[in-house]
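*Asks:* The chain contents come next:
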Amino acid sequence: MSAPRLAVRLGGLALRNPVLTASGTSGYGLDLAPHFDLGRIGGIVCKSLSLRPREGNAPSRLAETPAGMLNSIGLQNIGIDAFVAKTLPELRHHDTAIIANIFGETVEEFGELATRIDAAAGVSAIELNISCPNTARGGIEFGVDADATARVTMAVRRATRLPLIIKLSPNVTDITVIARAAVDAGADILSLVNTFMGMAIDIETRRPVLSSGSGGLSGPAIRPMAVHLVHRVARAVSVPLIGIGGIRSGRDALEFLMAGASAVEVGTATFTEPAAAARVAHEIADWCRRRGVGDINDIVGAALPERGRSDRPAS
Amino acid sequence: MISPGRGVDVPSGRAAFPPPGGRRAGIAGAGAQRKRPVTGRRAVLDSTGMPVDRRLRIASHEELGASHFLLSLNTGGGDSLPGWEPGQFSMITLGASAGVDPLLRRPFSIFNEPTPGGDTLQIFYKVLGRGTAILSRARPGDSIDCLAPLGNGFEPRRTGGTRLLLVAGGIGAASLHPLALADRRRGGSPVVLYGCRTDVECAGIRPTRDAGIEVHVATDDGSEGHRGFVSSLLDDFLARNDPAGWTICACGPTPMMKATAEVASRHGVACHLSLESPMACGFGVCVGCVVGVRDHAGGPRRWARICVEGPVFDAARVCW
Numbered sequence: 102m103s104a105p106r107l108a109v110r111l112g113g114l115a116l117r118n119p120v121l122t123a124s125g126t127s128g129y130g131l132d133l134a135p136h137f138d139l140g141r142i143g144g145i146v147c148k149s150l151s152l153r154p155r156e157g158n159a160p161s162r163l164a165e166t167p168a169g170m171l172n173s174i175g176l177q178n179i180g181i182d183a184f185v186a187k188t189l190p191e192l193r194h195h196d197t198a199i200i201a202n203i204f205g206e207t208v209e210e211f212g213e214l215a216t217r218i219d220a221a222a223g224v225s226a227i228e229l230n231i232s233c234p235n236t237a238r239g240g241i242e243f244g245v246d247a248d249a250t251a252r253v254t255m256a257v258r259r260a261t262r263l264p265l266i267i268k269l270s271p272n273v274t275d276i277t278v279i280a281r282a283a284v285d286a287g288a289d290i291l292s293l294v295n296t297f298m299g300m301a302i303d304i305e306t307r308r309p310v311l312s313s314g315s316g317g318l319s320g321p322a323i324r325p326m327a328v329h330l331v332h333r334v335a336r337a338v339s340v341p342l343i344g345i346g347g348i349r350s351g352r353d354a355l356e357f358l359m360a361g362a363s364a365v366e367v368g369t370a371t372f373t374e375p376a377a378a379a380r381v382a383h384e385i386a387d388w389c390r391r392r393g394v395g396d397i398n399d400i401v402g403a404a405l406p407e408r409g410r411s412d413r414p415a416s
Numbered sequence: 237m238i239s240p241g242r243g244v245d246v247p248s249g250r251a252a253f254p255p256p257g258g259r260r261a262g263i264a265g266a267g268a269q270r271k272r273p274v275t276g277r278r279a280v281l282d283s284t285g286m287p288v289d290r291r292l293r294i295a296s297h298e299e300l301g302a303s304h305f306l307l308s309l310n311t312g313g314g315d316s317l318p319g320w321e322p323g324q325f326s327m328i329t330l331g332a333s334a335g336v337d338p339l340l341r342r343p344f345s346i347f348n349e350p351t352p353g354g355d356t357l358q359i360f361y362k363v364l365g366r367g368t369a370i371l372s373r374a375r376p377g378d379s380i381d382c383l384a385p386l387g388n389g390f391e392p393r394r395t396g397g398t399r400l401l402l403v404a405g406g407i408g409a410a411s412l413h414p415l416a417l418a419d420r421r422r423g424g425s426p427v428v429l430y431g432c433r434t435d436v437e438c439a440g441i442r443p444t445r446d447a448g449i450e451v452h453v454a455t456d457d458g459s460e461g462h463r464g465f466v467s468s469l470l471d472d473f474l475a476r477n478d479p480a481g482w483t484i485c486a487c488g489p490t491p492m493m494k495a496t497a498e499v500a501s502r503h504g505v506a507c508h509l510s511l512e513s514p515m516a517c518g519f520g521v522c523v524g525c526v527v528g529v530r531d532h533a534g535g536p537r538r539w540a541r542i543c544v545e546g547p548v549f550d551a552a553r554v555c556w
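Residue numbers (the working numbering), protein chains in the order written: chain G, 102 to 416; chain P, 237 to 556.
Chain P on its own, in the form it takes in the complex (with noise of 0.2 Å):
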């Protein structure tokens, strides 16, 4: 089946709809409509956009080992994309029959660092069920529709010491390098503590690591740098290093994440998690993607939807 408004049915394609005002105009253009809270010493870029709902191209599609692939999606004609946040996400179709089987868009953080007018956007992502077994086999020169930015990144809400403790479980290292990149490129010297099950799996942070960031690594079997959990190597971490001048941010699955805010909270240390769910639409209006958070300590609890109150929370805040 052909799907409607992927290029068919509509000849110009998402062109008869163009979203009013220079929404698709370059970062500056967009920041004029909604500047998001970022102190002058974090911003990555002096503003990030509204979302945008824009067909991209495939430019480069390669697997990193151990079933990670690197895709970088591109606006084709030159035209650039707006800002965004380390730990912001996007929203992306799967293959051609995106929307009817599979159904949904999924989730994915943005892995590369917007540059000012730069037109290229990566995801790095490891083949985990059918949607990623889906998206590993669509080729240089498809196309893919892209929702982004969306949520809210690491930058606006951070509190704590200066220093980055980075705290990444699998796959959840592609929301947390942007960020390692950002805090280096202003003067930090963050740390990243990387968490899988065996020594293959390292290749999640071989993009990090090439990148020159500081890097451990705890493997379940002991195959590679601390033998356990992440959760461990924080704690011993942490004993050794006065906490006191370190902010984490952690995204990994719900145990390890629920395990950090454990450990962190133990040590005193303010934790930010990026938190992940099946989503059906990215930007709010499902209702799907919820957790429970308590917005002051021993408030009621409600279900915050991670996608637009989200994905980063304090770890404080959130009801396991």
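Bound conformation, chain G alone (with noise of 0.2 Å):
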């Protein structure tokens, strides 16, 4: 049969196949370049930028964990201005949708940081880091709390016409009451789930193995519990959703497509298979030919309940 469409839509924002980088895990994007052409993905979330620069945390930085590991960075960042002033024009040479992560400890500086964006010429879309377990201020003091998720996402929805996708911490009782909060303030797209807090402790010294104690859990241990919270997401808002956590195969990002997510971010995996990403997006071509699927929309959403038997195969 004739190549599968995997372009998709997410509201006004296009991509070339459902498959992005996870903000974080490649930085802005540039670093990939040298391991696959970035135009085989549909795009790069750029790692998340401050208005200043900033230097994140003490090491210990990271600890691996089963099919999982920790990480607490704190943000270290190269700052809004030198990637507006030096990065984006490099990476604007690369055919991909370039997706812009903010991070703020105000309100304000979220509104300032997309006015920011908004002026520079290049970025497809902007996602908000309401959700990073790793900082003093701001992050998932935003994310946890459905009044703050919303004055942070009106903030920056005055600011910008760009499509405004809010990124969601999982480290809540009722991740939808966000949703919710986000969506009624004006978010176009949601993308979930954000790391899982956790904590490793060194049996010998008696200490966490993070300096800063408590860090974000990523990686294949954490995909079944974030394929669970984009399924329950998708039947309590109608704006698209973007799936990750864990994703290291075409199968894995199907389930996260079938949940109801329109697209997907692939993190974790990039840091043990640097074309990870461009892999996942092949393994989702390689799938729909096999299965006779034309179209990747038509399988978004098939794990959902609503959704008839129709759309399922006969067998």
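It cannot be assumed that every hint is accurate.
[Claimed, not checked] Across the chosen pairs, the derived CB separations fall in these ranges:
id	chain 1	residue 1	chain 2	residue 2	range
1	P	Asp550	G	Arg333	45 to 55 Å
2	G	Pro167	P	Ala533	37 to 47 Å
3	P	Ala533	G	Ala115	43 to 53 Å
4	P	Thr356	G	Arg262	47 to 57 Å
5	P	Gly312	G	Met300	26 to 36 Å
6	G	Arg307	P	Asp550	28 to 38 Å
7	P	Ala480	G	Ala159	30 to 40 Å
8	G	Ser339	P	Thr356	29 to 39 Å
9	P	Ala533	G	Glu242	50 to 60 Å
10	G	Ala159	P	Pro489	32 to 42 Å
11	G	Ala403	P	Pro491	48 to 58 Å
12	G	Gly140	P	Asp435	53 to 63 Å
13	G	Ser339	P	Asp315	46 to 56 Å
14	G	Ile302	P	Thr490	51 to 61 Å
[To be verified] Covered, in the sense of this in silico footprint (three residues per stretch, anywhere, with C-beta under 8 Å from a C-beta of chain P), are these stretches of chain G:
id	segment
15	132-142
16	164-172
17	366-374
Rather than coming from a laboratory, the hints here were simulated on the basis of the structure. Using N, Cα and C, we set each Cβ at its ideal position, and we do this for glycine too.
Now that you have both chains on their own, put them together as the hints suggest.
*Replies:* Have a look at this one:
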């Protein structure tokens, strides 16, 4: 059969295929360019940008755990000005969507960051990091509170016409409450999930492995929990979703798409294989070809209860 | 669980994603894309390559005593690997379920010297934890994904005297071994000071010794050579020799590196350290393997990624 159609449209965000890199796992995209043509994936989600450069947390910042890892980087980044002046012009040479992930310590900072991204040409969408578990101020403070989520979303909404993605934290009692608050405040797209808070302890020193104590858990270990949360949020809101959490193969990505996500972000897998995102995109296409799926959009939400039996393959 | 992309889910393996533009070409081809700032006198090869992620085959895997293993990886098809410099490293997968458990690749310095058109990359390691224990069970014929060469080696940033004094703590000797060989090939007479706990652990320096490099040993218990830490052996050495002619390159555990930097500073000898740290990616994107450095004396401390700015740093820049 002919090549399956992989292009997806999430509101105003059009992607060549449904595979993005996850923020904080691919730098600003340029570090991946030696390993694969960035045009093979839907887009790059840049590492979180703050108004001023941030130095991040003291080491140790990493701990490997069963089928996963904890990190506490603390949003070390070059700052919005260096990104716009130096990184963005270089990144624009690549034929892929650029999504700027932004992080502010206050509502005003989020608004200011969005204004600056909006003024810079070449960015396809803005993703708000309101779910970083590793900073003293901002980050998850916003993402675990529905009112704060709404305030940040509204501030950014006023500052930009770019498609607005809110990245949700799983570290909440009911993720659908936060999801609805973000959508009601003007979010175009929700991405989920950020890392789960976790801790590892060195039993010889009797201290946490990470210098900050706790960190964010990512990797295959969190995938079933992330799929479940996407499946829940898909039934609670009507905006497009981006699924994130432990994806390292086409079949992993397809689980998220069937749970209701229109696209996915590949994160930790890039650490262990620089071209992981491109391979995931390739494997999705391959699966569609083998299963006779002509358009990837046909399987989005296939595992949701309201989808009829007619969507499923006869067997 | 079968690991995707490791030969099963993608029938053609990595071949589905050939890196663009001859990146897998030999040394000359890779050099056309990026030349490292190597002076002619010190160049190991004309140039080194960009990092390439490729599946290699275990050609041989032997234990050399006291849990030290020499792993030889080969391209299999006869095609060549990009060049590298002493002190550069690789990130390799561990076993069939790599990517799930253990999740991460592990960094290892490259043990052998590159040869033009060469197809073999060697790793010399000691079983120290779970990852290396899993690796030690890999057998000839098994596949290992290897991202290399990574980081900056010793050569481009060397300052100081022309004679090389290499200070190794335990398996840190693995990153200094190719530097010793390269230096001697260019007419140098490198001296290695090797520290370990007890005599059986001298297995870690045997390949260097067998290659005919001058080696002096310090053991914590005095069972071989100097009794005490290698940093005190270094102190003695610099007291007996004119420090002016030497440059120190060191690799080992952090306390030993710290002590080496202190001794070097006291004797006024340039000192370059190959640092290690837990790493998730090895190519700069995880920002997990940082060390505090100052770009100039008295300047502000910043967190530098060991994988891309190092692993070799001027000891004077490191904030301990």
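*Asks:* Indicate, hint by hint, whether the structure satisfies it.
*Replies:* Taking the hints in turn, this is what the structure says about them:
no., hint, verdict
1, P/Asp550 / G/Arg333: 45 to 55 Å, "holds, 53 Å"
2, G/Pro167 / P/Ala533: 37 to 47 Å, "holds, 44 Å"
3, P/Ala533 / G/Ala115: 43 to 53 Å, "holds, 52 Å"
4, P/Thr356 / G/Arg262: 47 to 57 Å, "holds, 56 Å"
5, P/Gly312 / G/Met300: 26 to 36 Å, "violated, 43 Å"
6, G/Arg307 / P/Asp550: 28 to 38 Å, "holds, 35 Å"
7, P/Ala480 / G/Ala159: 30 to 40 Å, "holds, 37 Å"
8, G/Ser339 / P/Thr356: 29 to 39 Å, "violated, 57 Å"
9, P/Ala533 / G/Glu242: 50 to 60 Å, "violated, 39 Å"
10, G/Ala159 / P/Pro489: 32 to 42 Å, "violated, 19 Å"
11, G/Ala403 / P/Pro491: 48 to 58 Å, "holds, 56 Å"
12, G/Gly140 / P/Asp435: 53 to 63 Å, "holds, 57 Å"
13, G/Ser339 / P/Asp315: 46 to 56 Å, "holds, 52 Å"
14, G/Ile302 / P/Thr490: 51 to 61 Å, "violated, 20 Å"
15, 132-142, "holds (count 7)"
16, 164-172, "holds (count 8)"
17, 366-374, "holds (count 6)"
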